[in-house]
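Colleague: Sequence:
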Amino acid sequence: MFGIGGGELIFILFVILMLFGSDKVPEIARTMGKAMAQLKNATNDIKNEIQKGAEDNGLDQKTLNNFTGNITSEINSAKANLLGDTNPLSGISDAVSNEIDKTKSSILDNTIPQVDKVAGEIEGIVEGPIKRKM
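Following full-length UniProt numbering, the numbering of the sequence shown begins with 1 at its first residue and continues without gaps.
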């Protein structure tokens, strides 16, 4: 109900009770109920006037539904066209990703043998954690 939880509703009712007192709460609730009923009646009257005006001008519910359906389909097709234009960007990102992978593998292919060679030379110099060949 309006995104208000049970605990929050109880707190609000408690605050209202503290502000207005127990003797005024029923009167306030009655007034709010009447206001809500008047608001509901006013919105129903406005809705009925709009429907009556549309029917007087030759627009029935079926025609209005077709009209809104056409507008919705046009919006969806425009949306699809706009989203379709972003697809070339994904192709570019795939190409860049492939180039990065090629460069990475090339660097690794060239450096791993050199690292192994240097590691072998270091092992030839060091005979343990402290001793060195002279």
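These are calculated hints, taken from the structure and not from any lab test.
The beta carbon of each residue, even a glycine, is placed where N, CA and C say it ideally should be.
Worth double-checking, as some hints may not be accurate.
[As the list claims (entries may be wrong)] Just the calculated beta-carbon pair ranges, DEER-fashion:
#, residue 1, residue 2, range
1, T31, E8, 18 to 28 Å
2, I12, A42, 58 to 68 Å
3, T63, E8, 22 to 32 Å
4, R30, G69, 27 to 37 Å
5, M18, K62, 52 to 62 Å
6, I75, E55, 22 to 32 Å
7, M18, T43, 25 to 35 Å
8, S97, E55, 21 to 31 Å
9, E49, N76, 29 to 39 Å
10, I10, N48, 48 to 58 Å
11, K62, T31, 38 to 48 Å
[Claimed, not checked] Only pairs whose alpha carbons sit at most 30 Å apart, straight line, appear in this in silico DSS-like list of lysine-lysine:
#, residue 1, residue 2
12, K34, K47
13, K52, K40
14, K104, K79
15, K62, K52
16, K102, K117
17, K47, K24
18, K34, K24
19, K104, K117
20, K34, K62
21, K52, K24
Colleague: Does each hint fit the structure? Answer for all of them.
Modeller: Results for each hint:
At about 23 Å, the beta-carbon gap between T31 and E8 stays in the expected band of 18 to 28 Å. Here the CB-CB span from I12 to A42 is close to 26 Å, at odds with the stated 58 to 68 Å. Restraint check, T63 to E8: a C-beta distance of roughly 45 Å breaks the suggested window 22 to 32 Å. As the Cβ distance of R30 to G69 is approximately 45 Å, the hint placing it in 27 to 37 Å is violated.
Here the CB-CB span from M18 to K62 is close to 55 Å, well matched to the stated 52 to 62 Å. Between I75 and E55, the C-beta spacing of about 26 Å keeps the proposed range 22 to 32 Å intact. M18 and T43 have their C-beta atoms about 33 Å apart, which keeps the hinted 25 to 35 Å range intact. As the Cβ distance of S97 to E55 is approximately 60 Å, the hint placing it in 21 to 31 Å is violated.
Between E49 and N76 the beta carbon distance is about 32 Å. The supplied range of 29 to 39 Å therefore holds. At roughly 38 Å, the beta-carbon separation of I10 and N48 lies outside the given 48 to 58 Å, and the hint is violated. Between K62 and T31 the beta carbon distance is about 42 Å. The supplied range of 38 to 48 Å therefore holds. Proposed proximity of K34 and K47 is supported: the alpha carbons are some 20 Å apart, at most 30 Å.
Proximity of K52 to K40 is assessed by CA-CA distance (about 18 Å); at most 30 Å being required, the pair is judged to hold. Distance restraint check for K104 and K79: the Cα-Cα separation of roughly 38 Å exceeds the 30 Å cut-off, and the hinted pair is therefore not satisfied. Of the supplied pair hints, the one linking K62 and K52 holds, its CA atoms being roughly 14 Å apart against a limit of 30 Å. Taken as a hint, the K102 and K117 pair is honoured in the structure, with Cα atoms around 24 Å apart against an allowance of 30 Å.
For the proposed pair K47 and K24, the alpha carbon gap of about 35 Å is over 30 Å, so the pair is violated. A C-alpha spacing of about 16 Å is found between K34 and K24, which places the hinted pair at or below 30 Å, so the restraint holds. A threshold of 30 Å between alpha carbons decides the hint, and for K104 with K117 the separation of about 20 Å falls inside it, so the pair holds. Restraint check for K34 and K62: the C-alpha separation of about 35 Å exceeds 30 Å, so the hint is violated.
For the suggested pair K52 and K24, the alpha carbons sit about 42 Å apart, so the restraint of at most 30 Å is broken.
This entry does not satisfy hints 2, 3, 4, 8, 10, 14, 17, 20, 21, going by the numbered hints stated previously.
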